[in-house]
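Based on the sequences and whatever the hints tell you, model everything.
Protein chains in written order, with my numbering: chain A, 1 to 159; chain B, 160 to 356.
No wet-lab data here; the hints were simulated from the structure.
Backbone N, C-alpha and C fix where the C-beta goes; we use that ideal spot for every residue, glycine too.
One thing to keep in mind: the hints can contain errors.
[What the hints assert, rightly or not] Per label pair, the in silico range of CB-to-CB distance:
no., chain 1, residue 1, chain 2, residue 2, range
1, B, Q290, A, S29, 16 to 24 Å
2, B, N237, A, D78, 22 to 30 Å
3, B, E288, A, R155, 57 to 65 Å
4, A, E35, B, D287, 30 to 38 Å
5, A, N12, B, E249, 50 to 58 Å
6, B, Q292, A, S68, 30 to 38 Å
7, B, E302, A, N12, 23 to 31 Å
8, B, G216, A, G94, 27 to 35 Å
9, A, K57, B, D287, 21 to 29 Å
10, B, K319, A, A108, 43 to 51 Å
11, A, S68, B, E212, 15 to 23 Å
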Amino acid sequence: MNKKLNKQEVRNRINKFSEALLGRPEDISLEEAEELLRLAEFDIDSVSANLYRRLHKDAQQYWMASKSLPPLLKQALDNLRPLTEPPRNERELGKQARARVERIVEAAKIFPVLSHTHGAEFQVSAFRNKKDMSKRDQSLLDEIAEEMKNEVHRRDKEK
Amino acid sequence: MADQQTPDFRELTTRLMAYGMTVFAELGIFGEDIVIGGVGVSLEDFVSKVLLEYSTGQIKYHPSRGSLMSLLGKALKNDVLDALDRQAHEKEESRSITPVPSDEPKRKSELSLDEFPKPDQTLEVWIDEQQYQERLKGALSEEPELLELAELVLDLGVEKPQEMAEFLNISIQELHNRRRRLRRRLIEYQLVIAKKQ
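Structure follows, in structure tokens:
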């Protein structure tokens, strides 16, 4: 018969299985962590902002007691400070501006159609500058240009 | 990197949240809001607690103890297990304290016994090893390579990375890749279950 394990023994066994199967905590890289959070639809910006608020609340106790903040708590507040908070200096202002630009660039990568010009701006006119062109060739090229315009409009509508 | 002496707390938060998700998924507690019911503690609460304890010096780190992520990850997992333990005790107590309709008043000795947990209350109350194994195998049943890995650990007790790689005839790098796939698979599985509930 199986021996009835006590609390610590069961915990140790589960931890051993867990480490062998899933690896150690440090095996999760930042890249993988971000991937897993996206999978579970966690927004790391809002998680960090919530955490910032909690740490800030804790920091207030130090300020109220006129004690200096533990260095790691100060650093945590700096690292987690949401970009929506008013900037305290030029460095933070720069950081916020950079983050905003990065977000716009990322959005443009995800939706490339937004960064492209649309059919309305489509121009087929280079051939018109060509000299010595017969009327027949010109009307043929006009016809092709018209067809291309229509095709571009049709594709735009499909999107 | 977050493991250096000056950690980046944003990176630590991201990695601890992800690690916490794998712990929750592994223990089958991936509810919709990722909260341990009963004790009402969310994954975010656990991560906050650990980071607060670390940043205020309650958890002390020294590089000789391994990586910072390892230290904080283990602290987080212990907190999750403690919360599950508390939840199990609360359930157990509410079951044992539920008054049985009776006209007779309880004797003094019975009343005092109610205040203490039962002597044979073990961790099996909240986590049964067989259930743990079945849950993991069930989650991996459609992924033969991952299931093979789970059976190697759970059924044959092979736990050292080198031995595992040799047994499966794969490189250590491939073992790490499979573990990474396994972490993701467990979370996906628990998310599907949570949506069905």
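Structure-based check of all given hints:
1. Roughly 31 Å separates the CB atoms of B/Q290 and A/S29, a value that falls outside the hinted 16 to 24 Å.
2. Our hint of 22 to 30 Å for B/N237 and A/D78 holds, since their Cβ atoms are close to 28 Å apart.
3. At roughly 59 Å, the beta carbons of B/E288 and A/R155 sit within the given window of 57 to 65 Å.
4. Against the hinted window of 30 to 38 Å, the Cβ-Cβ separation of A/E35 and B/D287 comes to about 31 Å, which satisfies the hint.
5. In this structure the supplied range 50 to 58 Å is violated for A/N12 paired with B/E249, their Cβ-Cβ distance being about 24 Å.
6. Separated by about 50 Å at the C-beta atoms, B/Q292 and A/S68 break the suggested range of 30 to 38 Å.
7. For B/E302 paired with A/N12, a C-beta distance near 27 Å keeps the hint of 23 to 31 Å intact.
8. Restraint check, B/G216 to A/G94: a C-beta distance of roughly 32 Å satisfies the suggested window 27 to 35 Å.
9. Checked against the hint of 21 to 29 Å, the pair A/K57 and B/D287 fails, with Cβ atoms roughly 39 Å apart.
10. Checked against the given bound of 43 to 51 Å, the beta carbons of B/K319 and A/A108, roughly 48 Å apart, stay inside it.
11. The given range of 15 to 23 Å is respected by A/S68 and B/E212, whose C-beta atoms sit roughly 19 Å from each other.
The structure shown violates the earlier hints numbered 1, 5, 6, 9.
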